[in-house]
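Engineer: Below are the chains, spelled out letter by letter.
Number of protein chains: 2
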Amino acid sequence: MASRLRLKKQKGPKGYLAERINRANSVAIGRLFSVEPTFVDVETAINVIPGITKHTILHSGTPIEWERMCDPMKRAVRGALIFEGLANDDKEAENLLRKNSIKLSPNHNHDSVGPMTGIISPSMPVVVTKDLTYRKKVFSTFNEGGGRVLWFGSFGKETLSRLKWIREVFGPIMKKVVAKAGGISIWTILAQGIQMGDECHNRHASSTNIFLKSIIEPLFSLGLSRDISLQVYRFIAGNSHFFLNLTMTSCKLALDAAHDVKDSTLVTAMSRNGTDFGIRVSGIGNRWFMAPAPYLEDALYNPGYDFNDGAPDIGDSSIIETMGLGGFAIAAAPSMAAFAGGGFEDAVRITREMGQITVAKNQKFSIPVMNFEGTPTGIDIRRVVESGVLPSINSAVIHKSSGAGQIGAGIVKAPYECFAKALRAFGSVYRLAA
Amino acid sequence: MASRLRLKKQKGPKGYLAERINRANSVAIGRLFSVEPTFVDVETAINVIPGITKHTILHSGTPIEWERMCDPMKRAVRGALIFEGLANDDKEAENLLRKNSIKLSPNHNHDSVGPMTGIISPSMPVVVTKDLTYRKKVFSTFNEGGGRVLWFGSFGKETLSRLKWIREVFGPIMKKVVAKAGGISIWTILAQGIQMGDECHNRHASSTNIFLKSIIEPLFSLGLSRDISLQVYRFIAGNSHFFLNLTMTSCKLALDAAHDVKDSTLVTAMSRNGTDFGIRVSGIGNRWFMAPAPYLEDALYNPGYDFNDGAPDIGDSSIIETMGLGGFAIAAAPSMAAFAGGGFEDAVRITREMGQITVAKNQKFSIPVMNFEGTPTGIDIRRVVESGVLPSINSAVIHKSSGAGQIGAGIVKAPYECFAKALRAFGSVYRLAA
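These protein sequence lines are chains A and B, in that order. Throughout the first sequence, residue numbering follows this note's numbering, covering 52 to 485 in sequence. Throughout the second sequence, residue numbering follows this note's numbering, covering 52 to 485 in sequence.
Do not take every clue at face value.
Because identical chains share one entry, a pair is satisfied inside a single copy or across any pair of copies.
For lysine to any residue, the following SDA-like pairs were computed, each having C-alpha atoms within a straight-line distance of at most 25 angstroms [to be verified]: (1) K142 / G222; (2) K154 / L211; (3) K226 / L281; (4) K313 / Q282.
Calculated directly from the structure, the hints in this document are not laboratory data.
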């Protein structure tokens with residue numbers, strides 16, 4: 052299959068096409084490396100996210116209609132409608148959705164990203180991450196933490212009260228904190244995090260600690276009551292994934308900067324809605340190249356759960372791997388090796404393999420145990436198709452039907468089919484196909 | 052030399068002696084593993100440190116008279132006398148010392164430890180670390196941070212004002228913080244730190260962050276003014292070595308628990324005063340086996356300084372290597388590899404070599420990149436003498452004469468001579484020598 056798909060003229064006289072593509076990819080990767088994502092503000096979704104209305108619910112992955120959504124995403128959408136006061140219960144929510152009274156739309160179409168179900172509803176406070184180089188902004192929710200939470204497709208009374216607290220207390224305070232801090236550079240924190248055992252997807256423990264350090268002073272200088280300041284502090288300190296959503300907005304900023312470069316074969320997004328897995332390619336516009344969302348085969352499950360309980364892979368968070376972090380940087384987080392086969396060498400092997408399908412090393416994020424080699428960055432669809440090496444994504448598993456939320460974590464491979472389709476489309480767009 | 056020193060009966064019928072020693076070492080290491088060091092209190096040195104008087108200055112390393120002290124330690128002692136109000140200037144301090152009006156005594160003789168010059172004077176606040184298993188307490192100062200500071204043998208106006216602030220503001224507040232926290236487990240923090248790139252001697256960045264996390268709530272709940280709370284916070288957050296002194300007290304607690312085990316050949320302290328390097332051995336009581344303090348040959352110097360500017364190795368902090376951390380755990384901190392020859396493999400090689408001279412692996416501190424192997428712990432003088440492999444210590448370099456303070460950092464090897472002397476003494480104590 053690989054050879055059939057190889058772009059014919061790539062091997063032609065003087066390798067003209069390959070040169071053109073390589074040049075385009077260099078331009079794209081140069082743009083990716085030059086972004087400076089900074090957490091600059093907190094706003095209400097409806098006030099800043101382009102195209103969102105009072106009756107819009109944003110979700111992770113590629114576009115999908117209500118009926119085809121997986122169970123956990125459906126639960127999260129219904130929960131968001133109740134949170135917005137558009138429905139009083141699941142049944143009312145379901146009715147609205149069946150009548151098409153609610154617009155469901157993917158985050159990526161609205162300069163946004165969200166982990167797992169990735170739900171963003173109009174009244175939620177969102178982090179505003181701005182790229183100081185190209186001035187674009189990308190949005191995401193605050194990470195809700197563990198337990199019964201929308202991002203894990205779980206909903207209950209405590210979900211609602213936590214979301215309300217985030218909207219009414221936490222968000223407004225964080226807006227002041229970020230203003231007082233004068234903006235917080237995300238790459239600076241991740242560069243340290245990766246020296247401290249984070250791969251910056253499934254493990255953000257160190258990055259979250261460093262983030263905490265950078266907000267303590269502004270938080271406790273705001274003139275708030277001690278109790279409220281400590282509540283805010285505790286919410287962040289109690290969730291080692293807190294920084295995840297900020298990482299995701301930053302990765303999207305970098306990949307968006309690399310998008311729409313003519314002739315470029317670089318992947319600029321990988322995303323999943325729990326039903327489909329899609330990728331976008333820099334030189335082919337905003338089309339998604341899709342395949343069924345895979346199940347996590349290499350995962351560790353919480354007691355009482357196994358492979359048969361898991362929903363297919365879900366979330367915009369694979370934007371992190373598209374950026375060369377997460378699964379691509381797993382050697383930086385040997386504590387994740389349990390998912391990779393057990394040993395540190397397995398983690399290094401995966402990071403090395405990702406080097407085969409990427410075009411550059413990102414020296415901003417250097418992996419200590421690989422002698423500070425940069426993270427393998429810039430997935431080239433040609434290399435994936437030719438090598439058969441698939442992007443390795445660190446992910447979580449949520450229950451497929453019970454609303455139990457997270458039941459495990461592990462590794463998943465992006466489907467070959469997406470890259471094969473993208474390469475065919477690339478050939479056809481540039482009139483190069485066999 | 053090695054073979055001449057080997058204990059004769061070790062190879063005798065049934066290896067009786069070797070068995071007896073190994074059994075004793077197992078007992079000692081079992082005691083070492085069972086301590087639970089906890090930061091429980093802050094007190095004024097004179098109120099808690101056994102044997103300290105108003106005219107005592109404690110210092111690092113083995114016992115040493117004023118005349119033989121290295122220049123940076125002399126500067127620190129004079130500074131401490133000025134801080135205590137016993138002298139108005141260097142000259143008056145010098146006179147007191149020449150007249151023998153001041154008792155100089157090593158920390159180790161007073162259940163205490165201190166990094167570099169290791170100065171503890173009577174009015175300083177000290178951390179009280181208690182072993183919950185054997186109930187012993189060990190003391191150290193708060194780490195002063197960078198710049199002109201006593202621990203680096205540097206003294207000026209700002210040294211004095213910082214020491215006074217620590218005594219009058221910081222210490223009393225930390226006493227309340229620790230009480231409110233209900234004690235802070237040190238191993239728990241170091242176990243996480245070592246998963247996050249700390250080797251727990253020259254690098255404590257993650258451990259200090261985790262410590263910060265554990266005191267934010269008590270600190271900001273004390274009812275102090277916001278400014279004062281933030282001052283305290285800033286002092287810790289601005290010093291990535293803050294946790295060092297707490298690590299040292301804990302290592303001493305563990306090694307003291309392993310001390311005085313009959314027949315044991317385990318090293319229970321390595322310490323240096325900037326002139327001499329000394330070690331103690333579990334089965335031979337409190338004698339120090341000494342050699343000249345070595346210079347750091349593998350070090351990186353601040354701009355403008357080189358090998359010729361450095362004082363000999365100094366400080367009680369090698370208690371950390373005696374515990375199997377620091378240089379012994381350097382593979383856990385690849386960012387320290389620059390000192391080890393440059394590459395990650397060099398760091399792993401050093402940790403593996405330390406495995407040759409130690410009797411156990413400490414699973415409490417597992418090294419992620421070595422597939423979670425425990426840190427090599429329990430230096431056996433027999434193994435050092437037989438193999439010629441010397442304990443590798445991560446250390447700092449301070450200026451030998453100018454009072455400039457720290458000028459570099461690097462690796463130093465414990466002198467062979469100390470171990471050879473100790474092994475001879477062991478033979479003679481147990482009447483086993485040739």
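Engineer: Under the constraints set out in the numbered hints, which ones does this structure not fulfil?
Structural biologist: When the structure is compared with the hints, numbers 1 and 4 turn out to be violated.
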